[in-house]
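Line order of the protein sequences matches chains A and B. The first sequence begins at 1 in this note's numbering and counts up one residue at a time. The second sequence begins at 1 in this note's numbering and counts up one residue at a time.
Hints are supplied without guarantee of correctness; some may be wrong.
Estimated spans, in silico, between C-beta atoms of each pair [as the list claims (entries may be wrong)]:
hint, chain 1, residue 1, chain 2, residue 2, range
1, A, 252, B, 332, 49 to 59 Å
2, A, 350, B, 173, 51 to 61 Å
3, A, 335, B, 65, 46 to 56 Å
4, B, 182, A, 338, 32 to 42 Å
5, A, 51, B, 250, 26 to 36 Å
6, B, 322, A, 267, 37 to 47 Å
7, A, 168, B, 186, 43 to 53 Å
8, A, 335, B, 186, 49 to 59 Å
9, B, 181, A, 80, 54 to 64 Å
10, A, 267, B, 228, 19 to 29 Å
11, B, 176, A, 267, 22 to 32 Å
Cross-link-like lysine-lysine pairs, in silico, DSS-like; alpha carbons within 27 Å at most [unchecked claim]:
hint, chain 1, residue 1, chain 2, residue 2
12, A, 135, A, 29
13, A, 117, B, 29
14, B, 211, A, 30
Rather than coming from a laboratory, the hints here were simulated on the basis of the structure. For clarity, every value in this text was computed on a predicted model and none was experimentally measured. Glycine included, C-beta positions come from ideal geometry on N, C-alpha and C.
There are 2 protein chains.
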Amino acid sequence: MAKIAVLGYGVVGSGTVEVFYKSKENLEKKAGEPLDIKYILDVREFPDSPYADKFVKDFDVILNDPEVSVVSEVIGGIDPAYGFVRSALMAGKSVVTSNKELVAVKGAELLKIAKEKNVNFFFEASVGGGIPIIKPIHACLEANEIDEIAGILNGTTNFILTKMIRDGMGFEEALKIAQELGYAERNPAADVEGTDACRKICILASLAFGKHVYPESVHTEGITKVTLQDVEYIDSCDSKIKLIGCARREDSGEISIGVFPAVIRNESQLAGVNDVFNAILVRGDATGDVVFYGKGAGKLPTASAVVSDIVSAVKHSDTSRSLTWSDSEQSFIRPFEKFTCAHYIRLSSDNIKAAESEVAALFGEVEYLSSKNRPENELAFITKVIPENDAQNACEKLSQSAKIMGRLRVLDY
Amino acid sequence: MAKIAVLGYGVVGSGTVEVFYKSKENLEKKAGEPLDIKYILDVREFPDSPYADKFVKDFDVILNDPEVSVVSEVIGGIDPAYGFVRSALMAGKSVVTSNKELVAVKGAELLKIAKEKNVNFFFEASVGGGIPIIKPIHACLEANEIDEIAGILNGTTNFILTKMIRDGMGFEEALKIAQELGYAERNPAADVEGTDACRKICILASLAFGKHVYPESVHTEGITKVTLQDVEYIDSCDSKIKLIGCARREDSGEISIGVFPAVIRNESQLAGVNDVFNAILVRGDATGDVVFYGKGAGKLPTASAVVSDIVSAVKHSDTSRSLTWSDSEQSFIRPFEKFTCAHYIRLSSDNIKAAESEVAALFGEVEYLSSKNRPENELAFITKVIPENDAQNACEKLSQSAKIMGRLRVLDY
Numbered sequence: 001m002a003k004i005a006v007l008g009y010g011v012v013g014s015g016t017v018e019v020f021y022k023s024k025e026n027l028e029k030k031a032g033e034p035l036d037i038k039y040i041l042d043v044r045e046f047p048d049s050p051y052a053d054k055f056v057k058d059f060d061v062i063l064n065d066p067e068v069s070v071v072s073e074v075i076g077g078i079d080p081a082y083g084f085v086r087s088a089l090m091a092g093k094s095v096v097t098s099n100k101e102l103v104a105v106k107g108a109e110l111l112k113i114a115k116e117k118n119v120n121f122f123f124e125a126s127v128g129g130g131i132p133i134i135k136p137i138h139a140c141l142e143a144n145e146i147d148e149i150a151g152i153l154n155g156t157t158n159f160i161l162t163k164m165i166r167d168g169m170g171f172e173e174a175l176k177i178a179q180e181l182g183y184a185e186r187n188p189a190a191d192v193e194g195t196d197a198c199r200k201i202c203i204l205a206s207l208a209f210g211k212h213v214y215p216e217s218v219h220t221e222g223i224t225k226v227t228l229q230d231v232e233y234i235d236s237c238d239s240k241i242k243l244i245g246c247a248r249r250e251d252s253g254e255i256s257i258g259v260f261p262a263v264i265r266n267e268s269q270l271a272g273v274n275d276v277f278n279a280i281l282v283r284g285d286a287t288g289d290v291v292f293y294g295k296g297a298g299k300l301p302t303a304s305a306v307v308s309d310i311v312s313a314v315k316h317s318d319t320s321r322s323l324t325w326s327d328s329e330q331s332f333i334r335p336f337e338k339f340t341c342a343h344y345i346r347l348s349s350d351n352i353k354a355a356e357s358e359v360a361a362l363f364g365e366v367e368y369l370s371s372k373n374r375p376e377n378e379l380a381f382i383t384k385v386i387p388e389n390d391a392q393n394a395c396e397k398l399s400q401s402a403k404i405m406g407r408l409r410v411l412d413y
Numbered sequence: 001m002a003k004i005a006v007l008g009y010g011v012v013g014s015g016t017v018e019v020f021y022k023s024k025e026n027l028e029k030k031a032g033e034p035l036d037i038k039y040i041l042d043v044r045e046f047p048d049s050p051y052a053d054k055f056v057k058d059f060d061v062i063l064n065d066p067e068v069s070v071v072s073e074v075i076g077g078i079d080p081a082y083g084f085v086r087s088a089l090m091a092g093k094s095v096v097t098s099n100k101e102l103v104a105v106k107g108a109e110l111l112k113i114a115k116e117k118n119v120n121f122f123f124e125a126s127v128g129g130g131i132p133i134i135k136p137i138h139a140c141l142e143a144n145e146i147d148e149i150a151g152i153l154n155g156t157t158n159f160i161l162t163k164m165i166r167d168g169m170g171f172e173e174a175l176k177i178a179q180e181l182g183y184a185e186r187n188p189a190a191d192v193e194g195t196d197a198c199r200k201i202c203i204l205a206s207l208a209f210g211k212h213v214y215p216e217s218v219h220t221e222g223i224t225k226v227t228l229q230d231v232e233y234i235d236s237c238d239s240k241i242k243l244i245g246c247a248r249r250e251d252s253g254e255i256s257i258g259v260f261p262a263v264i265r266n267e268s269q270l271a272g273v274n275d276v277f278n279a280i281l282v283r284g285d286a287t288g289d290v291v292f293y294g295k296g297a298g299k300l301p302t303a304s305a306v307v308s309d310i311v312s313a314v315k316h317s318d319t320s321r322s323l324t325w326s327d328s329e330q331s332f333i334r335p336f337e338k339f340t341c342a343h344y345i346r347l348s349s350d351n352i353k354a355a356e357s358e359v360a361a362l363f364g365e366v367e368y369l370s371s372k373n374r375p376e377n378e379l380a381f382i383t384k385v386i387p388e389n390d391a392q393n394a395c396e397k398l399s400q401s402a403k404i405m406g407r408l409r410v411l412d413y
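So here's chain A without its partners, still in its complex pose (with noise of 0.2 Å):
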């Protein structure tokens, strides 16, 4: 009998304790062992909960307990989940959580202390909520080399993009619609500002190439400069914009990282995701591109992956796993100035003709788009693949005698 105890009764806890009481016999099955959960965690009341025996205040009662083998922290933030998942790892308790932000900052170091402690950390729920991906990238594709993984990894950001496409819907509308939804926070920057993107892409990224990815190594932003205007100049290429989060292994060793709005071909199969799905896309020597789509977040999917892992730590509870990574220094990222890409760049200027032979002198060939709204004064193209710093460097030059409206990385996956 394995007894489980669960951190949190937020959406995600609530959801993980509906979830492992509705498929509990087959759980069991797969697991190989009967399992309960003894304790549920949070500082309410739950009075009129079927579980309201189990609801406890003081994480101490769950530690001190040799009884709980298993600890699911699905509180999210770093203060307490961090106190409470070191704790309980030192204990000799398996961990398994569903929090991107203590995954991304400090999993090199948890999974350091699970190792040593020959108990297992696991992290299904942290990316791509009900999709399974950290599993199958450690567990399936293990016989590639990953060159390459991309992502769109936050629903909310995807699901005002598509208003933004789909309907020609300008960003604070799009955004006022995905916080009547529940779909965004109050407080959206999060999500908007590409921090949760971020998080995610770092998770995914130290997984595949076996070193800790830190967030504030990694090149952010958001979609709040993405206009409906540009939303229509891509839309005359056959291509979307997309929040991606992406993560590059560089003949140097080096790793490239960033997360941005981004422009996808349509026949891309990210530029297909829409509303607040999610997909992973990896690149493996021997496989090629593989995809994995589903919904990002939401309570059942999120706890679904979270029960998963649960079992997953019960069956191979006398080993400590081999899903892990080392922490580094952060010299074995390379600078975000040296990402190379195309580039998507919108201007105005009052001499269209002398932009145009400027666009030629600092790109050369470059790609011109049309869209039915085009005013007289502005031109958009795509350039060549070139280095960011060049790019930079270039509109900088171009922002002497035109305006820059917009510019956006082109991406090929």
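Given the coordinates of chain A, assemble chain B onto it according to the supplied hints.
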């Protein structure tokens, strides 16, 4: 040190050896111990191979060598693969295979032997080539009740349909190109008649629903009757024709299952799967729809799945895993005549007015489709969701006064 034997040095076998040695160091880290391929079984001679010293022609050498703990069967077909796999399992060796026919026909029996002998029988490569699907369903989605599973499971037919849809090419011409490119066999029956897709949906359904589904229980149609006229009408209603294998849990607990060319709306994640790519959609009660996409065949993708299973078999060498399903009478398979979906029907008639009245009488309200090349004596329409039986009966009645030119089922994924 775990010693491995590879049975068969064809495309997948040589790929397995190649991928294994390329990623050996990483695989050993994952497995937690040194690994090596000790034998390669093939009736042919490979004197110039760098692995020449590993080749044997007599399976008994492998069977009787207690050092060999994992056997990788990549011969394909039932005979002699079945005998080899059975003997290996009986001798207490784990087996991994890419052989979909073997798993679809003998899976329940082989899983039972594996369980009795406390060894593993893994078959990730048997469905979807390099796409992780077996392990994710088994070990990531276990907190879900799977309601439905559907996929584009055969790359050859998807390539042919893509050519028909994109380039307006006829079936025969597209097949010829597929053969020239090596995507289709000289005898393409197993692909174009749906046999290959049928084996794969059997494996997926057995895994998802826990009882062996045998190929002969599955209503199977290929793509040979799909015409360019149908492609054009379907295009006009923002949909695509795809060869789909699907299995659905009915409220009665029965399983509906079939393989046939189906109409899929363009918004569906399955509609954008082109060329030789495969995709599998899993509809879980907690996760909602999750889709796995990638190359469904090919030397290196398939080999990478085989090698991943080898590592899993080594890692879990001392425990029979919970990946299993039970043998079964096929009485839980719902007769296909009860399969419910909407139907696309195309007919020609000398009296279109009369035909329209009869369609209304038989099907009630239908959605008529246009096509830029529609002959005046032709009608194409989509019915409401009805049982297969009703669709068939109505078509029989219709065919007394009109000619049924095409019928396709319309699926909602």
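Each hint tested on the structure:
1. 252(A) with 332(B): 49 to 59 Å: Holds: the Cβ-Cβ distance is about 56 Å, inside 49 to 59 Å.
2. 350(A) with 173(B): 51 to 61 Å: 55 Å, holds
3. 335(A) with 65(B): 46 to 56 Å: Because 53 Å falls inside the window, the suggested range holds.
4. 182(B) with 338(A): 32 to 42 Å: The hint (32 to 42 Å, Cβ to Cβ) holds, given that residue 182(B) and residue 338(A) are roughly 39 Å apart.
5. 51(A) with 250(B): 26 to 36 Å: The hint (26 to 36 Å, Cβ to Cβ) holds, given that residue 51(A) and residue 250(B) are roughly 33 Å apart.
6. 322(B) with 267(A): 37 to 47 Å: 39 Å, holds
7. 168(A) with 186(B): 43 to 53 Å: For residue 168(A) and residue 186(B) the Cβ distance comes to about 52 Å; the hint holds.
8. 335(A) with 186(B): 49 to 59 Å: With Cβ atoms ~54 Å apart, the hint holds.
9. 181(B) with 80(A): 54 to 64 Å: 59 Å, holds
10. 267(A) with 228(B): 19 to 29 Å: At roughly 22 Å between Cβ atoms, residue 228(B) and residue 267(A) fall inside 19 to 29 Å, so the hint holds.
11. 176(B) with 267(A): 22 to 32 Å: 24 Å, holds
12. 135(A) with 29(A): 20 Å, holds
13. 117(A) with 29(B): Holds, at about 19 Å.
14. 211(B) with 30(A): 15 Å, holds
Hint violations for this structure: none, all hints satisfied.
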